[in-house]
Every structure is written in C-alpha cells, then in structure tokens.
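Working from the sequences, and respecting the hints, build out all of it.
In my numbering, the protein residues as written are 2 to 559.
Hints are computed from structural coordinates only; laboratory data are not their basis.
Where is the CB? At the ideal position from N, CA and C, for every residue including glycine.
Where hints are given, some of them may not hold.
What the hints assert, rightly or not - Derived CB-CB ranges, DEER-like:
id, residue 1, residue 2, range
1, 133, 287, 26 to 32 Å
2, 317, 502, 30 to 36 Å
3, 361, 413, 16 to 22 Å
4, 509, 200, 36 to 42 Å
5, 244, 464, 34 to 40 Å
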Amino acid sequence: MRGDERIAGGPGRPAAAVNRISGPGADPYADPPTERFAAVQVPAPGTAENAVLDTVGLRTAQVPEVAEAPAVPAAEPTSPETAELPETPGAETPGTETPRKRRSLLPSLELNAFALMAATGITALVGLGFWAIAARLPAAEVGRSSAILSTATMLSQVAASNVGLLFGRVLASAGTKARKLVVGGYAIATTIALLLGAGFLVFFPHDELFPTLWDRAAFPLLVALLALSTLQDWVLTGLRRSTWIPLEQLLFALGKMGLLILFANLAFEKGILVAWALPIIALQLVISPILFLRLLPRVPPPGEGTPPMPDRRGLLSIFLAEYATGAVTVIIPLVLPLLVVARLGTEANAYYALPWLIAESFSVLIWNISSSYVVEASHDRREQWALMKRTFRLSYLIGGLGVPALFFLAPWVLSVLGDTYSDQGTWVLRYAVLAIPFTIINMNFINTSRLRNQMGRVVVLEVFTAALVIGLAVVLMDRMGIGGAGLAFLLAQAVTALVVAVPLVRFMRTLRHDAVEEETGRTSGDGDDPAGPTDRSDPPTEPTPVAGLATGAGRRPS
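Right, dumping it as structure tokens:
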C-alpha cells in the first residue's frame, strides 16, 4: 500500500481509516514499523502550502478548505515546523536498491514440483531405454551391475540425503552464509560416502559382486560420486532453481545411454558401470562452478516468514536428526536387492530390479512434490496449511493417473525389456505401484514431522516399516519368488499408513484452525479504528506531524 493511502486512504475516504498502521486501536500518531519514508517536508495545517496537498487527498488535519495556492517546491522547505512525507511510489533513495518482489509460494511450489517431476520422468524414460540396451548383455552381468549400482546409490543416499534435506530446510535463511554452508556439507557427505563404501566392502565382502581388486577400489569412489550428484540437486532445489534439474538429468541420461551403446558394441565387460559414472563426472565439472561462483553468492536475505538461520549447535542437531532418518530410510532399497541375490541369485535380481526401478521412479515423482513442500514451507511457515493442501491435491492427482496406468500396462512396459522380464516382473511392478496411495500419506507425515523437528518419530516409523518389509519378504519370496518382495512392500506401506493417518489428520486440523484464525485476525485488522473521527474533530493550533509519519512518536492533541 502506498504511503498516501495509509494517511488518508485516497480522496473521499474518512480520516478514521488512517489508524490501521499498527492494527485496530493503535495510537494514530505512533511510528510505523517501516523505513520506507523519505524526508520530504509537509507544511503545517492552515498554511497556503497545505492547500496544495489537499488537492491530492493529503492533509495534516481536518481544516476548512483553503483556496488553491501556487505549489511550493518540495526540495526547499519553508518552515522548520514540518513533518515527513512518504516517498512517492517508484522513488528510490540514492545508494539503495529496490528489493525484488518474491514470487508467491503456491506457484513456486508447482514450478519446483513439476520441474523435479520432469527430471524424474526424463530419467525414467531414458533409463528404461538404457536398461533395454543393457538387457542385450548377459543377464548375470546385468544383475551384478544393477546390484552394485543400487547398493552404491543407497549408500550415497545415506551419506548425502541427510545433508541435502538440511540444505532444503536451511538455505532459505542462510543468506550470505549459503556458499560456506554448502562447501561444508559437500565435505561431510563426501567423507561419509567414502567411509560407507569402504565399510561395506569390509563387512559385506561379496566376491560375486566385486571379483577383482579394481572393482573393490572403485566402489567407494562411485558412492562418493553419486553422493555429490545427489547434493547438487538438493542445492538447486533449496535455491528454487529446480528448473535446472530436468536439463541436467536429460544430459546425464542421454550421455550414459550413448556410452552404453558404444561399450556394448566393444563388448566392454564393465560397460554398464563406466557408462553410468562418466556423465556424472562431466556434469559435476560443468555445474559446480556455476553453483559456487554465481548462484550461491547471490542468495537473497531471508524473507519475512522465514525462520532464522540456526547456529552451529542447531545445525548439528538438524544434521544428526536427518542422518539418523536417512540411515534408516535406505534400509529397504538397500537390503531387498541383496536379499534377492542371496536367496534367488543374480539373474532373478535382474528381473526384480528393473520393474522395481520403474515403480521407484514413479514414487520419486510423488517425493518431488513433497520435497517442494518442505522447501516452500521453509521459506514461509505462514503458508504451511495452503502448501499442504496443494501438496496432497497434486500428489493424488499424479497418483490417481499413474497407478491405474502402470498396473494395467505393466506387462507391455516390461515386454520392451524382453519376454522373460515381462513374465517374471509384472507382479513386482503391480504390487509396488499399488503401494503409492499409502506412500503419499507416509511421505507427507514424514515431511510435516521434519518441519516440526520431530525426527524421533520418523526414525521409529522408518525402522518399523523396514522390519515389516524385510520380514514379510523373507517369508513371501520362498513361496512367490521375486513377486513376494513386491507384495511385502505393499503390505508394509498399507500398515504404516494406517498408523500415521490419525496424527497426520490431527496436525492438518491444527494447521487449518491456525490459518482460519490468522485470516480472521487479518480481516478484523483491516476495519476502521473504533475511536472514530470525533477524536480528530478539533483542529490543532500548533503545526502537527502527519499521522503515523513523524520521526518521533506524536501524541493526540488535548
């Protein structure tokens, strides 16, 4: 609202509307909570100069109309008994920059979510082509490579996702500390990734997966590389630059597919793994300089509804909480492929891994919406109820379209990989996509708990779900083969959703109640001042500051 509208509300509005600066019942002469007023002088009431202001709807007090007089230049005040007037719209104080208007939250939520979903869709579609080409290789090699990649990916998630989630929650309030925060996060995640990769080789030696010394030496490096790639996407998301990620994923997907075609023609034994790693290295070399030299130094200061930047102790607390949840989150995708390999062999894992990859890619679409909710709610907690409603609507819109389509088209989709993949993996894909509606509930419960810093309940929930999935999979795989792993996941997600539905609905009701109260308070704050115009009826005999604009707090005339 312009300064002149705060004073008199424009021509024809009562003077009682002046007193809305600090809410109903506030002192109309109190200082406003803003610094947008310049030292442009206003003549005292009753002077000839004051009539000029009266012609545009501005007056310092209600006095009889005075004949219009020649305008007096504002740059040369004629009386020391003057007061300050707000700047005209568009005027700038020398040496200052007009702050950019922030985008509204809901469009930003949609933009980030659709950008991330586009990236996931690109990865899934081109990835399907990648594995279709890989399916021409021996099934044992495909199963070995997919097991290594899934294990390395899950370990990288343990190392990086906790730091990435911290970025999503804290970058909004980091300001000038953003680059330092990201550098520290990169260093921590890389160190953890190397340790996890080496620890996996020590405690879970598997000669069938790592037959040579070079395979063992390269595995920790692959984990660290995937961790950096994950963090890069999290930083872009936290900076509201998610629109970069689809292009990045497209280049990565096309690069690895082209390299796989080359290596397949050359009969290169390690072609799948090398084709996966080289494009990631190239993208890191291109995007990292842009990120650290251009984007991070230009992070804007926190907005009005943004929580303050935590101190070191607060950051450590968030990191440890996210690390605990990240460690248990990857139990299911880490253990299930290894369980399939151990009980059914590497060839069976090939028929399990690719349908699971398709279902997981669709699940990531939903996760992208929920992640955007965390980022946007971290920028402005006041919009949390509106953001949550939008998140559920968008999640079930995507799920309602995708689940039936994938369920009925599963045999045809998998037939692209080969008839054996279709015969063996159809019900793995169907069970996994049927779990999506329950997964939406669980995801939103986890992210609302994250925003409330209630990470303990998230750890308990993830451990409970993992125990259900693994226990059921051990029993069902002996009877149903790889389809038992998919059914175990579906049953576990359904049970977990029933457990968290009650506290989630209760929290949503609280958010709705708070939003209604805030809207009611905002509406009542826009009403006229109860004092009415009678308190201003007697014109002052001394020069009086414009209501609410004086440098010192004014007082109502007696």
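Taking the hints in turn, this is what the structure says about them:
The hint said 26 to 32 Å for the Cβ distance between residue 133 and residue 287, and at roughly 27 Å that hint holds. Checked against the hint of 30 to 36 Å, the pair residue 317 and residue 502 passes, with Cβ atoms roughly 33 Å apart. In this structure the supplied range 16 to 22 Å holds for residue 361 paired with residue 413, their Cβ-Cβ distance being about 19 Å. In this structure the supplied range 36 to 42 Å holds for residue 509 paired with residue 200, their Cβ-Cβ distance being about 40 Å.
Between residue 244 and residue 464, the C-beta spacing of about 36 Å keeps the proposed range 34 to 40 Å intact.
When the structure is compared with the earlier hints, no violation turns up for any of them.
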